[in-house]
Amino acid sequence: MFRIKPVLIRPVVNNFVTRNSLQRSSFVVQTCRAASSSSLGDNFTFLNQMYSDLSQSSWVMNTQHLLETVHDYTHLPWWATIVVTTVSLRLAITLPLAAYQHSIYSRLENLKPEMEGILKELKKETDRAVVMYKWDAKTAKLAFHKSAKKQWNLLVQRDNCHAFKATVLLWGQIPLWVCMSVALRNMAMMLPVQTVDAQLIYLSLSSGGFGWIPNLTDVDHSLILPVSMSLANLAIIQLQVMNKVGATSRLANTIMNVLRVLCVVMIPIAAYAPADVALYWTVSSFYGLTQNLVLLSPTFRRFFRIPVTPLERPHPYQHILNQIKAHRIFQ
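Numbering (UniProt numbering), first residue to last: 1 to 331.
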């Protein structure tokens, strides 16, 4: 008998097939790259067009006209015009909305003791229903939560304090911030159209600065405004943390840390913005810090008709000072 040795046979590769596969692979890669570049280009074009539409919108143009009117009638330098307009708009728009937000939160807080009593009664009724109707644990739990939710909604409707109403501050503050920022950028860059009036405003802004930023169309090379803005925003966040009563959730801590990171990220963004925009952001941030401090005062809270709550501190500023002295600024 003959033994046949096993022989490892290599597959025969057709050179034409190999070249063809490589060519197809190269074509696919090039197509993907072209599609990716086209997609990025389309996205950039879309964002550019969206910003162009925003800069020419009636809201932005009216805001720009307001700034020009304040400057013409008060004869203030441009830096003072920006400060006065910013504070005036914040006082007229965001302060009432912030007071209303605090009022909603206070009314919701004052519902909690009443809701606790209702929950005790619901618990007793649920226990009786379990005995009478032979409910299992799942059915009893479902009925309890359904009744509790219904009772809570009735309390909220009675006191007219739905939590969504507390978001009214965002709906007023964010559009104001966007309109002012875009309007000031338009003025510093002669946008959207370089008319004679736009050139005159540009020249006026070029000499309407102060101190280390004489030219408001240029960036703040000293970074004083961007850093000051960031510090003010960080102070606002820390103020919220120091006045929080009770333990904070992990989600709340995560949100606070994300906001702190955003405050730092805003420094290079403000550093590349025209000085008039950076000045507005800084003034707005310091106003926000002042507004938050004012709304802690029991006197001002009663003036704005914000209800008293068990969580309200009679001496909030002393509490903040004690927190700082105890070196508990950051948690």
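Hints were generated in silico from the structure; no laboratory data involved. Wrong hints could be hidden among the right ones.
Stated by the list, open to error - In silico EDC-like cross-links for lysine to aspartate or glutamate, where the CA-CA straight-line distance does not exceed 20 Å:
no.: 1; residue 1: K146; residue 2: E125
no.: 2; residue 1: K244; residue 2: E312
no.: 3; residue 1: K150; residue 2: E114
**Message:** Check the structure against each numbered hint from earlier and tell me which ones fail, lowest number first.
**Reply:** The structure breaks none of the hints.
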